[in-house]
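Going left to right, the sequence shown walks through residues 1 to 154 as full-length UniProt numbering numbers them.
A couple of the hints might just be wrong.
Quick list of simulated restraints, FRET-style, between CB atoms [claimed, not checked]: (1) K99 / L143: 24 to 30 Å; (2) F76 / F128: 50 to 56 Å; (3) G38 / D149: 27 to 33 Å.
The list that follows gives simulated cross-link-like pairs (lysine-lysine, DSSO-like), each with its CA atoms no further than 30 Å apart [what the hints assert, rightly or not]: (4) K29 / K88; (5) K84 / K95; (6) K78 / K95; (7) K99 / K88; (8) K145 / K95; (9) K144 / K124; (10) K79 / K29; (11) K99 / K37; (12) K124 / K88; (13) K78 / K88; (14) K11 / K29; (15) K37 / K96; (16) K145 / K99; (17) K144 / K99; (18) K124 / K95; (19) K78 / K29.
Just so you know, these hints were derived from the structure itself, not from any lab. Glycine residues also receive a C-beta, built at the ideal position from the N, C-alpha and C atoms.
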Amino acid sequence: MPSDVRSFVEKTELDAFQSTPLRYRHPWKLIMGNISKGNVCVVGDALHPMTPDLGQGGCCALEDGVVLARCLAEAFFKKSNEEKEEYKRIEESLKKYAKERRWRCIDLITTAYIVGFIQQSSSKFVNFIRDTILATFLPVQLLKKSDFDCGQLK
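Kindly generate the complete structure, drawing on both the sequences and the hints.
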């Protein structure tokens, strides 16, 4: 660690740090809940808070941005003089975004939770399964989670 960074950390009083708990959203809340309503849509950590066990939280937020931009670009690409028609296109674009992102987010938050549970288990049985069986194929499966095509921005 660079000396100036270390010095900054050492001089910072403990009460200056703010700690917030990790958030988790149950997958069924995404299955059953509304992601978009009218011209409002939930994105980023508001949509998919997850534990850091996959390292995909920030990537997922970037995916959100690309998919949302692509969906909204389609709405704004078509010119219209009528405000009501433009509002309807925006609403449809947000619904399209929600439909595209829902299952990807459910997959990531569920996987992060399961991986965290397995990694932090104090059960000898779970640790044995993790170290002997899961260790051989789990890394490949988790790496596949980072391979997501957001589509092309035009």
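Going down the list of hints, with the structure as the test:
no. : hint                   : verdict
1   : K99 / L143: 24 to 30 Å : 26 Å, holds
2   : F76 / F128: 50 to 56 Å : 55 Å, holds
3   : G38 / D149: 27 to 33 Å : 28 Å, holds
4   : K29 / K88              : 26 Å, holds
5   : K84 / K95              : 17 Å, holds
6   : K78 / K95              : 17 Å, holds
7   : K99 / K88              : 16 Å, holds
8   : K145 / K95             : 24 Å, holds
9   : K144 / K124            : 28 Å, holds
10  : K79 / K29              : 36 Å, violated
11  : K99 / K37              : 12 Å, holds
12  : K124 / K88             : 56 Å, violated
13  : K78 / K88              : 12 Å, holds
14  : K11 / K29              : 43 Å, violated
15  : K37 / K96              : 12 Å, holds
16  : K145 / K99             : 18 Å, holds
17  : K144 / K99             : 21 Å, holds
18  : K124 / K95             : 45 Å, violated
19  : K78 / K29              : 34 Å, violated
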